[in-house]
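Undergrad: Read the sequence shown against my numbering and you will find it ends at 70, with the numbers running on by one and no gaps.
Since the hints were made in silico from the structure, they are not lab data.
It cannot be assumed that every hint is accurate.
Below are the EDC-like pairs computed for lysine to aspartate or glutamate, each with C-alpha atoms no more than 16 Å apart in a straight line [said to hold, decoys possible]:
{"hint": "1", "residue 1": "K54", "residue 2": "D10"}
{"hint": "2", "residue 1": "K54", "residue 2": "E44"}
{"hint": "3", "residue 1": "K54", "residue 2": "E14"}
Quick list of the computed label-pair ranges, beta carbon to beta carbon [unchecked claim]:
{"hint": "4", "residue 1": "T40", "residue 2": "S65", "range": "29 to 39 Å"}
{"hint": "5", "residue 1": "G4", "residue 2": "D59", "range": "29 to 39 Å"}
{"hint": "6", "residue 1": "R70", "residue 2": "E14", "range": "10 to 20 Å"}
{"hint": "7", "residue 1": "D59", "residue 2": "Q3", "range": "10 to 20 Å"}
{"hint": "8", "residue 1": "M29", "residue 2": "P8", "range": "12 to 22 Å"}
{"hint": "9", "residue 1": "E26", "residue 2": "P68", "range": "25 to 35 Å"}
Idealized CB from N, CA, C, for every residue including glycine.
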Amino acid sequence: MAQGHPVPVDVSGEDGTHAMTIIAQEGDMLQVYGPWGSTTWVSEDDFINGHTGKASKSDLPNAYSVCPPR
């Protein structure tokens, strides 16, 4: 993210899986775009520890795949 490239992320939970994109970073906060048309800020700690439900529907809390740019 430090290079300014979006980072695709897959999340999972009770209702299956979904894709989101990290579009910005400020300090330890990640701005995540969801396909529902909204963005939300999530701490790196929450992202790493399975609390991405703040950025997705609350039933999709686990980031299981991150595709960093090459």
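Undergrad: Please go over all the hints and tell whether each is borne out by the structure.
TA: Verification of the hints:
Taken as a hint, the K54 and D10 pair is honoured in the structure, with Cα atoms around 14 Å apart against an allowance of 16 Å. Proximity of K54 to E44 is assessed by CA-CA distance (about 12 Å); at most 16 Å being required, the pair is judged to hold. At most 16 Å may separate the alpha-carbon atoms for a hinted pair to count; K54 and E14 meet this at roughly 15 Å. Distance hint check: the CB atoms of T40 and S65 are about 19 Å apart, inconsistent with the given range 29 to 39 Å.
Remark: the range hint 29 to 39 Å for G4 to D59 is upheld by a beta-carbon distance near 31 Å. For R70 and E14, the hinted distance range of 10 to 20 Å is not satisfied, since their beta carbons lie about 33 Å from each other. For D59 and Q3, the hinted distance range of 10 to 20 Å is not satisfied, since their beta carbons lie about 32 Å from each other. About 19 Å separates the C-beta atoms of M29 and P8, a value consistent with the hinted range of 12 to 22 Å.
Taken as a hint, the range 25 to 35 Å is violated for the pair E26 and P68, whose Cβ atoms sit roughly 18 Å apart.
Checked against the numbered hints listed earlier, the structure breaks hints 4, 6, 7 and 9; every other hint is satisfied.
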